[in-house]
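Given next are the chains, with one letter for each unit.
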Amino acid sequence: MSPEPAALKFVSSNRRVREDRRFVAGHGRYVADIVLDGMLHVALVPSQHPAAKILAIDTSAALKMPGVVHVLTGDDLVKAVDPLMNGLDTPKVRRFPLAVGQVRYAGEWVVAVVAETRAQAEDAAEKVRVTYEPLPYVIDGEEAATDASPKVHPEHGTNVLLDKTFVWGDVEKHFAESPRHLSFRVVWGRNSTVPIETFGVVARWDAWREMLDVWASIQMPKYPDQIARALRIPANNVRVHQDVDVGGSYGVKRGIKQTVLVSHLSRILNRPVRLIEDRLENMRAGDAHGPERTFDVEIAFNDEGIVKSMKMKALDNVGAYAGRSPFQLGKPVGAIVGPYKIESVQYRAMAVLSNKAAQEAVRGFGQSPTNYAIEAAIDKVAAAVGVDRIEIRRRNFIRSHEFPYLIPSGTHYDSGDYHTVVSKVLASADYEVLVKERDALRASGVMAGIGVAACLEPSGGNSSFEPLLNEKNTTSTWMDSCRINIDGLGFVTVTIHTTSAGQGHETLAATVVGEVLEIDPDLIRIVRPDSLACLPSNSPVGSRMAIMLGGACYHAAEKLKAKLKRIGAHQFGLSADDVVYAQGGVSDPGSNKTLSWAELVNIGHRQFHALPAGMEPGLETTHVMQVPTGTKLPENGRVQMYPCHSFEFHLVLLTFDPEIAKPEIRKYVIGHDCGVVINPHIVKGMTLGGIAHGIGAALLEEFSYDSEGQLLTQSFMDYLLPSSHEVPNVEIVHHCTPSPFTVFGQKGSGESGYLGSPAAISGAINDAVSPLGISFSRLPIRIAAISDAIAAVKNKQAEDYA
Amino acid sequence: MEVTLKVNGRLCSADVEPRKTLLDAIREDLALPGSHAGCEHGVCGACTVLLDGEPVRSCLMFAVQADGYEITTIEGLAPAPGELNVVQDAFCETHGLQCGYCTPGMILTGHALLQRTTEPTREEIVEAISGNICRCTGYGQIVEAIEFAGERLRKANAPRDLKGAGANQPQVDPSAETDAPQEGVLKAAEADTPHGDRP
Numbered sequence: 000m001s002p003e004p005a006a007l008k009f010v011s012s013n014r015r016v017r018e019d020r021r022f023v024a025g026h027g028r029y030v031a032d033i034v035l036d037g038m039l040h041v042a043l044v045p046s047q048h049p050a051a052k053i054l055a056i057d058t059s060a061a062l063k064m065p066g067v068v069h070v071l072t073g074d075d076l077v078k079a080v081d082p083l084m085n086g087l088d089t090p091k092v093r094r095f096p097l098a099v100g101q102v103r104y105a106g107e108w109v110v111a112v113v114a115e116t117r118a119q120a121e122d123a124a125e126k127v128r129v130t131y132e133p134l135p136y137v138i139d140g141e142e143a144a145t146d147a148s149p150k151v152h153p154e155h156g157t158n159v160l161l162d163k164t165f166v167w168g169d170v171e172k173h174f175a176e177s178p179r180h181l182s183f184r185v186v187w188g189r190n191s192t193v194p195i196e197t198f199g200v201v202a203r204w205d206a207w208r209e210m211l212d213v214w215a216s217i218q219m220p221k222y223p224d225q226i227a228r229a230l231r232i233p234a235n236n237v238r239v240h241q242d243v244d245v246g247g248s249y250g251v252k253r254g255i256k257q258t259v260l261v262s263h264l265s266r267i268l269n270r271p272v273r274l275i276e277d278r279l280e281n282m283r284a285g286d287a288h289g290p291e292r293t294f295d296v297e298i299a300f301n302d303e304g305i306v307k308s309m310k311m312k313a314l315d316n317v318g319a320y321a322g323r324s325p326f327q328l329g330k331p332v333g334a335i336v337g338p339y340k341i342e343s344v345q346y347r348a349m350a351v352l353s354n355k356a357a358q359e360a361v362r363g364f365g366q367s368p369t370n371y372a373i374e375a376a377i378d379k380v381a382a383a384v385g386v387d388r389i390e391i392r393r394r395n396f397i398r399s400h401e402f403p404y405l406i407p408s409g410t411h412y413d414s415g416d417y418h419t420v421v422s423k424v425l426a427s428a429d430y431e432v433l434v435k436e437r438d439a440l441r442a443s444g445v446m447a448g449i450g451v452a453a454c455l456e457p458s459g460g461n462s463s464f465e466p467l468l469n470e471k472n473t474t475s476t477w478m479d480s481c482r483i484n485i486d487g488l489g490f491v492t493v494t495i496h497t498t499s500a501g502q503g504h505e506t507l508a509a510t511v512v513g514e515v516l517e518i519d520p521d522l523i524r525i526v527r528p529d530s531l532a533c534l535p536s537n538s539p540v541g542s543r544m545a546i547m548l549g550g551a552c553y554h555a556a557e558k559l560k561a562k563l564k565r566i567g568a569h570q571f572g573l574s575a576d577d578v579v580y581a582q583g584g585v586s587d588p589g590s591n592k593t594l595s596w597a598e599l600v601n602i603g604h605r606q607f608h609a610l611p612a613g614m615e616p617g618l619e620t621t622h623v624m625q626v627p628t629g630t631k632l633p634e635n636g637r638v639q640m641y642p643c644h645s646f647e648f649h650l651v652l653l654t655f656d657p658e659i660a661k662p663e664i665r666k667y668v669i670g671h672d673c674g675v676v677i678n679p680h681i682v683k684g685m686t687l688g689g690i691a692h693g694i695g696a697a698l699l700e701e702f703s704y705d706s707e708g709q710l711l712t713q714s715f716m717d718y719l720l721p722s723s724h725e726v727p728n729v730e731i732v733h734h735c736t737p738s739p740f741t742v743f744g745q746k747g748s749g750e751s752g753y754l755g756s757p758a759a760i761s762g763a764i765n766d767a768v769s770p771l772g773i774s775f776s777r778l779p780i781r782i783a784a785i786s787d788a789i790a791a792v793k794n795k796q797a798e799d800y801a
Numbered sequence: 000m001e002v003t004l005k006v007n008g009r010l011c012s013a014d015v016e017p018r019k020t021l022l023d024a025i026r027e028d029l030a031l032p033g034s035h036a037g038c039e040h041g042v043c044g045a046c047t048v049l050l051d052g053e054p055v056r057s058c059l060m061f062a063v064q065a066d067g068y069e070i071t072t073i074e075g076l077a078p079a080p081g082e083l084n085v086v087q088d089a090f091c092e093t094h095g096l097q098c099g100y101c102t103p104g105m106i107l108t109g110h111a112l113l114q115r116t117t118e119p120t121r122e123e124i125v126e127a128i129s130g131n132i133c134r135c136t137g138y139g140q141i142v143e144a145i146e147f148a149g150e151r152l153r154k155a156n157a158p159r160d161l162k163g164a165g166a167n168q169p170q171v172d173p174s175a176e177t178d179a180p181q182e183g184v185l186k187a188a189e190a191d192t193p194h195g196d197r198p
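These protein sequence lines are chains A and E, in that order.
Using numbering that gives the first Met the number 0, the first residue of the first sequence is number 0, and each one after it goes up by one.
Using numbering that gives the first Met the number 0, the first residue of the second sequence is number 0, and each one after it goes up by one.
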């Protein structure tokens, strides 16, 4: 028998998630739980108009209200702060926390009222009188892109923020050579992940220490830097406290404008100031909205359904300002062909301003909409050549022996075995029986459909889309870090350098360090220093922490283990290569002598005379980790985007009554391969939660605006979130193809489920209505849309009959 | 105005505006921050507390309306600091949460259900928690947690499974043969095995 690789003791085992204990007891520490002496509260006056000039603001009545301390307008604020960071090279699209001179969407914050209590601030906000002169506005993204449309930022000269066309490979030749073509449009409605906790921030400026302390419900890379820049203060005057539990984020909690606003207020009022958005503020003008994207796709393929080339135009309606959102068109470049061997791609990415709320980052950073468009294409090719939708995917999949596989846009996929995952799912679900069940349901008069989706989750969160879309940006690292200290009594403390929003980073770090040092993870303390005491981190974005924090912890622990081995070897008069480390002790295999953990700790902390020459005392190591594969800037529009690529395959059976048309998901099976799993509970939760988000995106959730530019879905009565009734029991089929680029073979899983479920559900609905000769090409596919479409077909049939 | 609330078995007085919600009073005046504000319009359930054992939305109720009820918040479930009750422990066992924000409401809702029945069907669990929105988990591990807590509660006071006898059956020692009394054994079994310590 060949020797097995060393078994993992803690990694991949079903250990409890250590964070859970405090949360189940109601002892999380969220931003709204932070109460400082003398703290003031903010309420905001929103714009009623989608576009209007601000002619005058009368704050006199508000200032006379009980408890009111200050009323701030955009004109006052702009004197003291710089515009918020704009990732693209569009300097004239300026954004401030409050509207300056002009409002650009309904709900935009115009005036901030500060009072002793939130209730008093709200009362006074009603007394602020703003005089507007309404301006022309534009809501639709395509219309906004035309020259004739009203300009959201007239100084910028156009509503187009970004219009970049990439051509990877011989697209025209491949189209000319391919016997069959098809083209279509699909639309991804404006939705997002809408955490149950809104965004909140508390800021306290201390003029005597020249220190701004910030507590926030935040998930934002370079957050302290952005605050410092906007406030024009040194970055080491900003101290962000990372020991704040974030009540859900999934990408959206960006919080820069809110933080700059309350920080400025604290600075001028010399008191702590907090803003906890209420749901209305959050839905209308918080960092709440996600991508809203129109895809025009052309596909070139042959009679066997092998796809040769694709042209994709993605137009994203990013709303009134450029935040992180235009970059969400860039990230999917790293998986632009999905799991398929498409040889060439033309990709046109357009980010267009409109008079809607500004978009922010959402789980997957634009990948889920793109996957929806790719999967719609594959379904259409299958229908065109008359081949089963699963067979067509198998024909086009990259083969397992072809990894690392270079896609046309310049990214190497690390590893995968797509055919095996699909086979396992079909076996688990008993696909043939499922098809019979669908057909039997149809025969009984019920609408029934099967949907499938295969897609990738790029993970490891590099930021290569920034230099790809903005040549002035030369970012080629998106590092993360870990520091480990063994104290004088031998206890281990690990620092991580970011906030968490339920991803279980404390469990991750303890598991990995415990694995390497061979000590019980439950004995390891995890702490989060404030940002001034932190090593570099880029926050838990881009499905990166298993890879990047896990990797940093691994390497820091390996350094520490190497130091312990050197100390032990020195006592034995041996070199470090000649001793063995096991369970915290170092032994000499020749003499069988062992130095225990306690002895090594004692030497490290107290016996400088016993340390090898040149070694620093103490037992502390750090590691700042570069993203695997992240070695260079984009070249010729090609870039290695993320290092790892998890795979998922969804299989759904859903039914609905032809008249009521409320979809019921009868079966949901997902095959999931994210390499080596660090904690199975966490990965399972991410996958199931991601599918629930996908169900919302596919069937329920949309930030809808009317033709007057008013947001129609601004509460949970209209913006519908999936409840336990809408989310079915999901069966997960596991597969593990380790990544060759990570320490344990792990890949990311923070976006799993969400990246394919909208495509699969949409496919199932389209399969269900296919006997009627109709299909849906716009998400969400709401109940009314289905029943109306079916009714229209039936009316037409009745007319034709008559 | 002055209001006296009985929260987690303790009587607390607070001076609140009549318009103040029960949620805000619990969080701000009683310093119990485990109940969370989510939507503040009665949809998400993050603010759920128990009123005489029944889950209610504390954001939809004024503090002054809660006078005279037994209020239970998440802080009232743990038997001692650092010690979890069965439902809380079950949520840890199945990882029935991620960010923890909806969790107090979810656990109180699950707890209330399990007070009614320790053997809820999956449909009953789904129905019970359908007023509590969770954006992290997709509910799967929450349903598992409540099922698991029910199982533990059912077993918590069940006697040992002795020589093949089920939990609710008379524990008749087969070796006792005809000596084992068939009548009245249930009463005896509550405290003891039949025949005491006879070999």
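No lab work stands behind these hints: they were computed from the structure.
Treat the numbers as computed from the prediction; the structure is a model and nothing was measured.
Accuracy of the hints is not assured; some may be wrong.
[Claimed, not checked] Computed cross-link-like contacts, DSS-like style, restricted to lysine-lysine with a CA-CA straight-line distance of at most 25 Å:
1) 78/A / 312/A
2) 661/A / 795/A
3) 63/A / 154/E
4) 666/A / 435/A
5) 126/A / 154/E
6) 631/A / 661/A
Results for each hint:
no. : hint          : in the structure
1   : 78/A / 312/A  : violated (40 Å)
2   : 661/A / 795/A : holds (22 Å)
3   : 63/A / 154/E  : violated (63 Å)
4   : 666/A / 435/A : holds (13 Å)
5   : 126/A / 154/E : violated (60 Å)
6   : 631/A / 661/A : violated (49 Å)
Figure legend: structure checked against the earlier numbered hints; hints not met, in rising order: 1, 3, 5, 6.
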